[in-house]
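**Q** In case you want the letters, here they are:
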Amino acid sequence: MPVLTFREALNQAMTEEMERDDRVFLMGEEVAQYDGAYKVSQGMLKKFGPSRIIDTPISEGGFAGIGIGAAMVGLRPIVEFMTFSFSLVAIDQIVNNAANMRYMSGGQFAVPIVFRGSSGMAGCLAATHSHRLEAWYAQIPGLTVVLPGTPADAKGLLKSAIRSDDPVVFIEHEVLYHEKGEVPEGEHVVPIGKADIKREGSDVTLITYSRSLKATLAAAEKLAEEGIDAEVVDIRTIRPLDLDTLLTSIGKTHRGVIVEEDWPYCGLGAGIADRITQAAFDELDAPIRRVAAKDAPIPYNRTLEASMLPSVDRVVAAVKDVMYV
Amino acid sequence: MITEQVQTEAKPVVNKTQALVWLRQMMLIRRFEERAEMLYQKGGKIGGFFHQYSGQEPVAVASIGVLREDDYVITAYRDHGHALARGMTARAGMAELLGKVTGCSKGKGGSMHFFDAEKGFLGGHAIVGSHIALAAGVAFASKYRGEDRVCICYMGDGAINQGSVHETLNMAALWKLPVIYVVENNLYAMGTSLARSSSVLDLTVRCAVPYGIPGHQINGNDVELMARTTREAANRARAGEGPTFIEAQTYRYKGHSISDPGKYRQKEELDEAIRHDPILVYENILKERGWIDQEAIDRMREGVKEEIEESIEFAEASEQPPLEALYEDITVAPFIPQE
Numbered sequence: 215m216p217v218l219t220f221r222e223a224l225n226q227a228m229t230e231e232m233e234r235d236d237r238v239f240l241m242g243e244e245v246a247q248y249d250g251a252y253k254v255s256q257g258m259l260k261k262f263g264p265s266r267i268i269d270t271p272i273s274e275g276g277f278a279g280i281g282i283g284a285a286m287v288g289l290r291p292i293v294e295f296m297t298f299s300f301s302l303v304a305i306d307q308i309v310n311n312a313a314n315m316r317y318m319s320g321g322q323f324a325v326p327i328v329f330r331g332s333s334g335m336a337g338c339l340a341a342t343h344s345h346r347l348e349a350w351y352a353q354i355p356g357l358t359v360v361l362p363g364t365p366a367d368a369k370g371l372l373k374s375a376i377r378s379d380d381p382v383v384f385i386e387h388e389v390l391y392h393e394k395g396e397v398p399e400g401e402h403v404v405p406i407g408k409a410d411i412k413r414e415g416s417d418v419t420l421i422t423y424s425r426s427l428k429a430t431l432a433a434a435e436k437l438a439e440e441g442i443d444a445e446v447v448d449i450r451t452i453r454p455l456d457l458d459t460l461l462t463s464i465g466k467t468h469r470g471v472i473v474e475e476d477w478p479y480c481g482l483g484a485g486i487a488d489r490i491t492q493a494a495f496d497e498l499d500a501p502i503r504r505v506a507a508k509d510a511p512i513p514y515n516r517t518l519e520a521s522m523l524p525s526v527d528r529v530v531a532a533v534k535d536v537m538y539v
Numbered sequence: 005m006i007t008e009q010v011q012t013e014a015k016p017v018v019n020k021t022q023a024l025v026w027l028r029q030m031m032l033i034r035r036f037e038e039r040a041e042m043l044y045q046k047g048g049k050i051g052g053f054f055h056q057y058s059g060q061e062p063v064a065v066a067s068i069g070v071l072r073e074d075d076y077v078i079t080a081y082r083d084h085g086h087a088l089a090r091g092m093t094a095r096a097g098m099a100e101l102l103g104k105v106t107g108c109s110k111g112k113g114g115s116m117h118f119f120d121a122e123k124g125f126l127g128g129h130a131i132v133g134s135h136i137a138l139a140a141g142v143a144f145a146s147k148y149r150g151e152d153r154v155c156i157c158y159m160g161d162g163a164i165n166q167g168s169v170h171e172t173l174n175m176a177a178l179w180k181l182p183v184i185y186v187v188e189n190n191l192y193a194m195g196t197s198l199a200r201s202s203s204v205l206d207l208t209v210r211c212a213v214p215y216g217i218p219g220h221q222i223n224g225n226d227v228e229l230m231a232r233t234t235r236e237a238a239n240r241a242r243a244g245e246g247p248t249f250i251e252a253q254t255y256r257y258k259g260h261s262i263s264d265p266g267k268y269r270q271k272e273e274l275d276e277a278i279r280h281d282p283i284l285v286y287e288n289i290l291k292e293r294g295w296i297d298q299e300a301i302d303r304m305r306e307g308v309k310e311e312i313e314e315s316i317e318f319a320e321a322s323e324q325p326p327l328e329a330l331y332e333d334i335t336v337a338p339f340i341p342q343e
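Protein sequences appear in the order of chains A and B.
Under this note's numbering, the first residue of the first sequence carries the number 215, and numbering increases by one thereafter.
Under this note's numbering, the first residue of the second sequence carries the number 5, and numbering increases by one thereafter.
Hints are not guaranteed to be accurate.
Straight line, CA to CA, 20 Å or less: simulated SDA-like cross-link-like pairs of lysine to any residue [unchecked claim]:
(1) K261/A with R149/B
(2) K147/B with L461/A
(3) K373/A with A337/B
(4) K373/A with G48/B
(5) K180/B with D269/A
(6) K412/A with L461/A
(7) K180/B with G485/A
No wet-lab data here; the hints were simulated from the structure.
Nothing here was measured: the structure is a model prediction, and the numbers come from that model.
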């Protein structure tokens, strides 16, 4: 199986879908002549030309809205935010227009659009450029929210997102772009709304996504050395959540820890813990614990920033807590 | 106040048949708004925010009236007039106001969110300035496909103070998108007059000149001037020459919404506008041309009244949406509530 970087996998997904469907186009800042701020769209201008790979001015609200309008009448835009931190400037378009359009129109209009781009704490970017907004978007009925953690999932899920008839918020993690992994050849489509068990185990369920998957898998290995067999579930799609897979795993392990880079209060983990608790309280032998970012703005200083992240040590400590060891 | 313009075109812009259609549409919108407001105030059959279009009818009727059936129309929350001008039935509009399942948005949108996909009517949008970019996107799609369909987009004078409007005007001009922006300048953004909110009173200076877009400041209540200006803009758009900006000066008779008594403006100003009521003005123009007489006008008005009364009966007799409708039409894919 070929080994690709995360960014190459995303590029392949977009390229294949654009070859398959001429309604698909890519729009955003520096996506064309510059070949992408993070080189995700490298070579695509050359392949598809300026009518389908479109550089925009720095006007996120404007071009997000242009994408939505184009989607309302049948095109299938991919709108790239250089980082999802900048989607805050366009959040009116995403929430009020993309998410609500079908409902407000009584089902007359669909918005088949993908908003994609990098996000997260990527190293010394400080408070404005390190946002993790998945919990914000996941709260909105009408949006689909996807955060892949591996190159294979990045490709397969982006292809599904582009084929979706609904608006998809597809959040990549900046530090994952150079990560390598095996990606199946040929038609590789990963369904939206399905979690993936990245490591099987029987003692505790570790629930995670995106960049935190790496620390979580490393923690699971460390725990194995101490005789604790952790199952790692990569939820991949945040909305709709694959609750069935989580409940099956919890039904086996009776213990859960949620690992996320999001802030703790009103964060994604809070919502997931609530849903598991409501559905399977009797299965739990301990309260669900959460390992999230610290409740502070993201600092510039490297050491301070590292202290924000869910680390292997923090995951191991949380697991021991729910194991009562 | 409204720019003084010659009210009667030396040469008619349209033929008799079209002119009579426009006159009737203006009457229909006026009556629709009057009766809907009564339903709102008596019996509480209509809820939420409700923005009346009375006084501004020529802007929607004459501009939509020169477009093709396959063009697109999108507007802000004061949307009943544009929907009716585009051919939405009074039934579908009235039923929506009553929240019924037979409404144009199945009772999910209400007054501010009228939609009619079949007529190319893309809403009713209630966040000020938010739909300006959607219009450019619709025009983008037309150009992307190599079609010559245009999109006309209406907004109020308050909208031009939103940043996304200027982002979009720049991109629409940069990419020569086939879109026509019409600002319906009724002088007030809710209770804030233009003079208190805009650094420059000529809106073409703010929205057209900076982007190299042709701008026209016209009396939007002059039916045929509105029609001619829009037709020129549409021709330009179809020829690939890009967007046009029209400041259509007009006046709303009612407050911003039903709850607004309009205390921020002088009674004389309103009286003056009503003296030049655009429907009466157009009736007189058509009478002068010998295209209609008073008897026919009275018959037309009676017919409109009957149509609106029938739409109210239809709306009242229609079903409420079932409770299951809460989860319907959220996504195209089966929707899974995250509860």
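**Q** Could you run down the list of hints and mark each one as holding or not?
**A** The hints, checked one at a time:
Proximity of K261/A to R149/B is assessed by CA-CA distance (about 19 Å); at most 20 Å being required, the pair is judged to hold. With a CA separation close to 49 Å, the supplied pair K147/B and L461/A exceeds the 20 Å bound. The hinted pair formed by K373/A and A337/B meets the criterion: a straight-line CA distance of about 16 Å does not exceed 20 Å. The straight-line distance between the Cα atoms of K373/A and G48/B is roughly 49 Å, outside the 20 Å bound, and the hint therefore fails.
Under the criterion of a C-alpha separation no larger than 20 Å, the hint pairing K180/B with D269/A is consistent with the structure, at around 15 Å. With a C-alpha separation of about 16 Å, the suggested pair K412/A and L461/A falls inside the 20 Å cut-off, and the hint holds. A hinted pair counts as satisfied when its Cα atoms are at most 20 Å apart, and K180/B with G485/A does not qualify at roughly 45 Å.
Hint check: violations occur at hints 2, 4 and 7; the rest are consistent with the structure.
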